[in-house]
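First to last, the protein sequences are chains A, B, C and D.
Note that this note's numbering has the first sequence beginning at 410, numbered continuously upward.
Note that this note's numbering has the second sequence beginning at 410, numbered continuously upward.
Note that this note's numbering has the third sequence beginning at 410, numbered continuously upward.
Note that this note's numbering has the fourth sequence beginning at 410, numbered continuously upward.
What the hints contain is simulated information worked out from the structure, not anything from laboratory work.
Model, not experiment: these values are computed from the prediction.
Among the hints, erroneous ones may be present.
Same chains, same label: a pair holds when it works inside one copy or across any pair of copies.
Straight-line C-alpha distance at most 16 Å; calculated EDC-like pairs for lysine to aspartate or glutamate [as the list claims (entries may be wrong)]:
no., residue 1, residue 2
1, Lys629, Asp452
2, Lys629, Glu450
3, Lys414, Glu651
4, Lys533, Glu450
5, Lys467, Asp420
6, Lys417, Asp446
7, Lys613, Glu572
8, Lys533, Asp452
9, Lys626, Asp446
10, Lys414, Glu662
11, Lys626, Glu572
Number of protein chains: 4
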Amino acid sequence: MLPLKLKKVMDVTLKLGGDNFVFWGGREGYQSILNSDIKKELDHLAAFFRMAVEYKTKIGAKFQFLIEPKPREPTKHQYDYDAQTVISFLKSYGLDQHFKLNIEPNHTTLAGHDYEHDIIFASKLGFLGSIDSNTGDQALGWDTDQFPMDPKKTALVMKTVIEQGGIAPGGLNFDSKIRRESTDTEDMFIAHIGAMDAFARGLKIAAHIIQGDIIPKLVKERYNSYETGIGQKIEKGEATFEQCEEFILKNGEPTPHSGKQEKFELLYNYYT
Amino acid sequence: MLPLKLKKVMDVTLKLGGDNFVFWGGREGYQSILNSDIKKELDHLAAFFRMAVEYKTKIGAKFQFLIEPKPREPTKHQYDYDAQTVISFLKSYGLDQHFKLNIEPNHTTLAGHDYEHDIIFASKLGFLGSIDSNTGDQALGWDTDQFPMDPKKTALVMKTVIEQGGIAPGGLNFDSKIRRESTDTEDMFIAHIGAMDAFARGLKIAAHIIQGDIIPKLVKERYNSYETGIGQKIEKGEATFEQCEEFILKNGEPTPHSGKQEKFELLYNYYT
Amino acid sequence: MLPLKLKKVMDVTLKLGGDNFVFWGGREGYQSILNSDIKKELDHLAAFFRMAVEYKTKIGAKFQFLIEPKPREPTKHQYDYDAQTVISFLKSYGLDQHFKLNIEPNHTTLAGHDYEHDIIFASKLGFLGSIDSNTGDQALGWDTDQFPMDPKKTALVMKTVIEQGGIAPGGLNFDSKIRRESTDTEDMFIAHIGAMDAFARGLKIAAHIIQGDIIPKLVKERYNSYETGIGQKIEKGEATFEQCEEFILKNGEPTPHSGKQEKFELLYNYYT
Amino acid sequence: MLPLKLKKVMDVTLKLGGDNFVFWGGREGYQSILNSDIKKELDHLAAFFRMAVEYKTKIGAKFQFLIEPKPREPTKHQYDYDAQTVISFLKSYGLDQHFKLNIEPNHTTLAGHDYEHDIIFASKLGFLGSIDSNTGDQALGWDTDQFPMDPKKTALVMKTVIEQGGIAPGGLNFDSKIRRESTDTEDMFIAHIGAMDAFARGLKIAAHIIQGDIIPKLVKERYNSYETGIGQKIEKGEATFEQCEEFILKNGEPTPHSGKQEKFELLYNYYT
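Isolated chain A (complex conformation) (with noise of 0.2 Å):
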């Protein structure tokens, strides 16, 4: 029974030292919703992490929990789908304080969004913790687990871990498989290096456009209307519609800047 096992692994944690403590529910979901009460399964799973709450007060650890997204397989439908699902969990029963996310980018993509989705989304909310960097393949439909060998993908991953001021406790790791028809010992070394590389370089990208200032100086022209007159009021929450009506009959429809995206993209091969 999970909370026998899990009270041990938190005794073990704590006695070891351990920074982060991960809730991988990789099968807490329903197959099919004629036989499934959502409602109470969703209580339950709530039940169960306010007891594990409850016990690591107990024992007064302080490691970081986290919950790891994950949409579906084996499940046909897991509760903790993306991030947003999880932080909708979390909030619906008073749990947010409690947990972080660890995200790890091949479910992500599973779920339907780009590789750095979740990790973007989940910082931005604050509850970026840990990222396991496992790619999938976004041609195909389950859990692939591989080796991140994208450049283009972990320097946008390296890039949020920058602007959030680091990752700690929390870190990234690799629980990534070599493919079935890998079949040599030097394999698993090769991937490893292959992968660490990926992100040495995504790193490195990183901090160039950090530096050079060109893609964020962009980014931030796009929104620069929001810095000053009604915009900055509606920025700070203190405009009102009649405000936004006045400034429209005044001033007519403002001109939406081009989102430039292809200059962007062009830009961004630059770097990487």
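Given the coordinates of chain A, assemble chains B, C and D onto it according to the supplied hints.
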């Protein structure tokens, strides 16, 4: 500018005695992560909704605010991706008391869930306010807005509506479109008749299932270990890990009930 | 080595009087385009099938060779992706006289088509030899091998079988699996009963549709401009562009018939 | 009516000295299997192409006929789904001598394959005639027609073009569109420059890979068991199952080479 239009429509809705007010944010999302400041955009979206709530209060309107989730198209990734993403957003910005959801199952399938998923989750989490009945096509990746024609699906929707005690002041609306090749005038009538029949048949199926009490009873049995003893204590939030441990050491691992998915599918076929 | 096993199984099949011989190439594909010589692999696959044809001739076996298409899993991309990919392969290598297809609709949905698609296309192109009835789940991206339970789907399969005058020496087989959570012994029986019932009900629906002649007649009408005049000449392959031009200049643009998809869906609901 | 328009365009193409003639069947497919006679529609499509071939012969035109595969949108399911589906169709109707393929990788990803898949398969099967360079977005399910910006992808395309000795009289064309939010005039120029650069960079990468001969050599080694002995006989089509059996009984099971996918990915990163 959006706030201006919205103010007008709120004034008009108040005058006409409207019961519901749907925010269809069908383009509010990002196209490229490279040129987007996600945090700023979410903040601005929240500021916009706060202004709407304030203005509604000011004019003394009582209509229900609703947000209609949609994952994508034409944007790459919308901020109101699915039911739980919107709930996460609303709770993150303290707006959850002011909004319910208008679920369109067509958008639910586009987000990678089954037709009924968001209807059921929104309902169980207390956010189901209204239903936009369009169906999509699970083999296609865009918003097809087809007339719903599958009683096996409409029955699950109507069962949820019955279980939550009705859906007023919201309702069930069609904004489905006939196919491009359906060029006769009568096709518009046939489509509405067919879709209304599909929901009427769905309602009858749902009523039979609930009254027959075979399926609901089987579901209830699946969770009956939570009705007494340690299970009941867990459900009530009164159990601790230590008590769970004590229970297991004394009683051994509990035997899981069979999910009996095939039996449920067979029984469901009997009703549909 | 595969040829060795295959030789043995062919010998045994001959001895047992087997009618069909299925090649399930469930892993014959590529994982990465970077390390694969696609042309060589297709050539080798064809060489393998040619040896099989030669050996079958040599031992005087009469059983029907069948290939079962499957798009992926565990490989990234299989060479026998779907029905038309296999037909392309067989014709490219001059093997099309020696093979038919064993279609598993579960694989068809995994390839991005609807459940019945490959059954119908294989049949209409003269390649449907046998059916493996498993169903998948259109919301999932892996091979779930579920028991088929939807009469709306099985009816389309049985309609195709009736239209091609039966499927002997092939047949309809289940190699479906019960779900991991279906842990009672009786679940295996229930699943088979439910799936056989779904096909029996599908056969009855198909027979009613064909005998009722409402749907078939409407389909026929949709194409009736090909039964006389220039349409008939086009269908017979006797028309030329000049004749089409002459016809249009004299008669103007023909009015297209309405596709009436919603009427067909409504009528199909009547039968199912 | 289509034949009429087509005749005119063929006349004009002849007059202008056009080298290629692309059939973009972007809407030739079925929306619903219920109202469609698939066989009739394929027959009519073939009749149409036969008239085109006859007319081309009659006017003495030498331009290359090309078909551009596309899986869907706006139809549910097109008849020219992907490269191998079109090859299957062409061979089934005896039209394969008269047509090549114009591959748009954007359509390839929409069909569930990787960007480069149809380019490579069409080339290896002798059907690659021209390339429409647009890219799609693997996280989206519709035809986004974006400017190609990923050198890792364009390199695979250019490598294929080099390997087949060029692509004349076809070529590489852009009919990509800038995003809806790219509202500056300069965005159109930036997008073309970025995409041309991506292909130029792809060509250089491909040339380095081929000249460096590290990756090609490793691929060659993977298949070297087909260069001598029984392997060579299999490849030449001279082996029989009996000879394979004899070989195995004498030599035991051959050890498979490691696929070394991660090494290939790491090396590919070195070049890109």
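key: Structure versus earlier hints - violations, ascending order   = 6
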